[in-house]
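Letter by letter, the chains look like this.
Protein chains: 2
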Amino acid sequence: MTRPLITAYNWAPDEGRGLVRDMRVRWALEEVGQAYDVRYLNWGEQKERAHRARNPFGQVPAYEEDGLTLFESGAIVLHIAERWPGLWPSDPTGRARAIEWMFAALNTVEPVVWDQVIARVVDGKESWAKDRWPGVLERLRMRLDELSKALGGNEWLDGDFSAGDLLMVQVLRHVGDPAILAEHPNLKAYVARGMARPAFKRALEALRAGQTGAPPAGWPQ
Amino acid sequence: MTRPLITAYNWAPDEGRGLVRDMRVRWALEEVGQAYDVRYLNWGEQKERAHRARNPFGQVPAYEEDGLTLFESGAIVLHIAERWPGLWPSDPTGRARAIEWMFAALNTVEPVVWDQVIARVVDGKESWAKDRWPGVLERLRMRLDELSKALGGNEWLDGDFSAGDLLMVQVLRHVGDPAILAEHPNLKAYVARGMARPAFKRALEALRAGQTGAPPAGWPQ
Chain W
-4 MTRPLITAYN
6 WAPDEGRGLV
16 RDMRVRWALE
26 EVGQAYDVRY
36 LNWGEQKERA
46 HRARNPFGQV
56 PAYEEDGLTL
66 FESGAIVLHI
76 AERWPGLWPS
86 DPTGRARAIE
96 WMFAALNTVE
106 PVVWDQVIAR
116 VVDGKESWAK
126 DRWPGVLERL
136 RMRLDELSKA
146 LGGNEWLDGD
156 FSAGDLLMVQ
166 VLRHVGDPAI
176 LAEHPNLKAY
186 VARGMARPAF
196 KRALEALRAG
206 QTGAPPAGWP
216 Q
Chain Y
-4 MTRPLITAYN
6 WAPDEGRGLV
16 RDMRVRWALE
26 EVGQAYDVRY
36 LNWGEQKERA
46 HRARNPFGQV
56 PAYEEDGLTL
66 FESGAIVLHI
76 AERWPGLWPS
86 DPTGRARAIE
96 WMFAALNTVE
106 PVVWDQVIAR
116 VVDGKESWAK
126 DRWPGVLERL
136 RMRLDELSKA
146 LGGNEWLDGD
156 FSAGDLLMVQ
166 VLRHVGDPAI
176 LAEHPNLKAY
186 VARGMARPAF
196 KRALEALRAG
206 QTGAPPAGWP
216 Q
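Chains W and Y are the protein sequences, given in the same order. Sequence positions in the first sequence follow our numbering and run -4 to 216. Sequence positions in the second sequence follow our numbering and run -4 to 216.
Hints are computed from structural coordinates only; laboratory data are not their basis. Certain hints may be false.
Identical chains blur together in the list; that is why a pair holds if it fits in one copy or across any two.
As the list claims (entries may be wrong) - Calculated lysine-lysine pairs in the DSSO-like style (CA-CA distance at most 27 Å, straight line):
| id | residue 1 | residue 2 |
| --- | --- | --- |
| 1 | K125 | K42 |
| 2 | K183 | K144 |
| 3 | K120 | K42 |
| 4 | K196 | K183 |
| 5 | K42 | K196 |
| 6 | K144 | K42 |
| 7 | K42 | K183 |
Treat the numbers as computed from the prediction; the structure is a model and nothing was measured.
Make a model of the complete structure from these sequences and hints.
Now the structure itself:
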């Protein structure tokens, strides 16, 4: 087999914090111990024809492996978890529950987290932004409260660390205000635990090493 | 094996249109030809302790089968697709691509569709709702445009009908204004094609037959 090839940015507006979605895939590959290569795009190239052939929505990451091309970070992480051991239990029930938490991260928790990112970063200067913010926070807090109760005093969401935890930690890292996450000390500790994993650190280091590009012309300094 | 048991509402505010997420699971079970039982909740019971034990986020559907309890409609549909043939191709590459479209439906397309639902249904009467609406529509239209190009003249997103199409059709049914979807005739026809499937029709009929409950006290008539 050739090494997997992922497509990522050589610059991103998050200042190397590893919030871009290729981090999910890098982290998963590090967890299973699989080396990979990276095709880097300049910021903006994701919307061009060449990359749209890999991902019709013009986003990163994309993943290539022996003739298989995949987009959607969730599907790629799931593929990696199936291909190499280390990202979920070997029994079918444990595996189904890890997949359940993958979807919970991306389809139940991420939408409210992302809404809060858009409200802050994209719409922050709109005249109505301040009036809308309390509702955004209320929806976010409700979900975090439910997630906090589900996690309780456990180390991970369901038994050992799984692909579900990997995606959930990355989603929670997008909660912009640290005070919001800290309202639930168990969630704050959970994210810290994820980020303390050697595979996370290796992935972040590799991501940062690849940030050799420049912001697009006109990007606010 | 005992028959799968799903948990659903006996009433929902969508007037029997089958937009609630248990429809995804009903449709999947009909596609693979697997009979199932239903536990019905009154509206509001999803937030109570008994159901939170099945789904910590207090949502439907939940799925039970021989000791396995799952929440998250995406994970349940994926489990059904693995358990019985009919929801994706038998080769690993085709299967990975069906999963890719499942995640695309729930993690790339649904957030902008859902934002439009919230903006209309939840926030519609807020003082700032009108000023925010153009941005909501712009993000929705961008995604629909990309999806329309990806579908092109094909019948389904990637080869035969798959679990990815099932989820995508259900997500697109939430686009409230029919004129928005009709801006892309191929997407409009795609949704109609999904709804014309015998399995979809059987699922919707079963869902409607189960709508024997009443709206909660104080629900606007």
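Checklist line | Within, between, both or neither, where K183 and K144 count as close if Cα-Cα is 27 Å or less | finding: within (13 Å within a copy, 41 Å between copies)
Check: 27 Å Cα cut-off: does K42 pair with K196 within a copy, between copies, both or neither?
Finding: neither (29 Å within a copy, 38 Å between copies)
Check: Given a CA cutoff of 27 Å, do K120 and K42 count as a within-copy pair, a between-copy pair, both, or neither?
Finding: within (25 Å within a copy, 36 Å between copies)
Next item on the list: First find the shortest C-alpha distance between K42 and K183 inside one copy, then the shortest across copies, and answer within, between, both or neither for a cut-off of 27 Å.
Entry: between (35 Å within a copy, 25 Å between copies)
Margin query: Reference check for the pair K125 and K42, CA-CA at most 27 Å: within, between, both, or neither?
Written below: neither (31 Å within a copy, 30 Å between copies)
Margin query: Within, between, both or neither: how does the pair K196, K183 come out at a Cα-Cα threshold of 27 Å?
Written below: within (17 Å within a copy, 45 Å between copies)
Checklist line | Status of K42 relative to K144 across identical chains (alpha carbons, at most 27 Å) | finding: For K144 and K42, only the inter-copy Cα distance (13 Å) is at most 27 Å; the intra-copy one is 40 Å.
Against the hints set out earlier in the document, violations occur for numbers 1, 5.
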